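For the sequence shown, position 9 matches number 9 in full-length UniProt numbering, and the numbering has no gaps at all.
No lab work stands behind these hints: they were computed from the structure. Remember, predicted model here, so these are calculated numbers, not experimental data. All residues carry an ideal CB built from backbone N, CA and C; glycine is no exception. Honestly, I wouldn't trust all of these hints.
Simulated DEER-style distance windows between Cβ atoms [to be verified]:
1) 145 to 87: 41 to 47 Å
2) 32 to 3: 40 to 46 Å
3) 79 to 139: 32 to 38 Å
4) 61 to 103: 55 to 61 Å
5) 104 to 42: 46 to 52 Å
6) 79 to 52: 53 to 59 Å
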Amino acid sequence: MNNRLTPILALVIAGALYFAYVSPTWSGRIADTKTAIASSDAALVAAHDYKDKQNKLAEERDALDPADLARLNALLPDSVDNVGLILSLNALADRSGLTLSNIDVSSNANSAQENSGGLLNASPTNSIGLSVSAAGQYGAFLTFLSGIESSQRLLDVSDITITGSNTSTYTYHLTIRIYWLR
1 MNNRLTPILA
11 LVIAGALYFA
21 YVSPTWSGRI
31 ADTKTAIASS
41 DAALVAAHDY
51 KDKQNKLAEE
61 RDALDPADLA
71 RLNALLPDSV
81 DNVGLILSLN
91 ALADRSGLTL
101 SNIDVSSNAN
111 SAQENSGGLL
121 NASPTNSIGL
131 SVSAAGQYGA
141 FLTFLSGIES
151 SQRLLDVSDI
161 TITGSNTSTY
171 TYHLTIRIYW
181 LR
């Protein structure tokens, strides 16, 4: 009787062991580990693709003429550099025959644009407003605007107000938008 009971008892113990330990371990911790491994593999592939793209872009950048790259960096710099811009505007005004005064940098920077669906799109550029008052003759003001237009830096004159006087000297109030890369 002992010989008949031993195989049945071994099957019951094996079944209990399977349902109590093997199945929960296999479907729990091992499945979680497999998921983590698959996620890590996907991240590794994405990192490899990113590295390839980065190398390709670096090769394309290195293929550019350094003078063109310097002009591009002057057009759209990596930072706002208010002081340098104000100094260059002041030098341009001096060359044009204008006197700058009342320079004010607005504190609101625009870095996102709203699309037609009402969602915000992250823009690769930031912009900030710069209010400038100047005094001088109209011809000097036109020369100043021409200098802004041909400037290496990307500037957008968004508002101009001209106040007249009895003399040939006018007062000009400009709002200039400054752009830079984020």
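Among the hints numbered above, which are violated by the structure, and what are their numbers in rising order? As far as the earlier hints go, 1, 4, 6 are violated by this structure, in ascending order.
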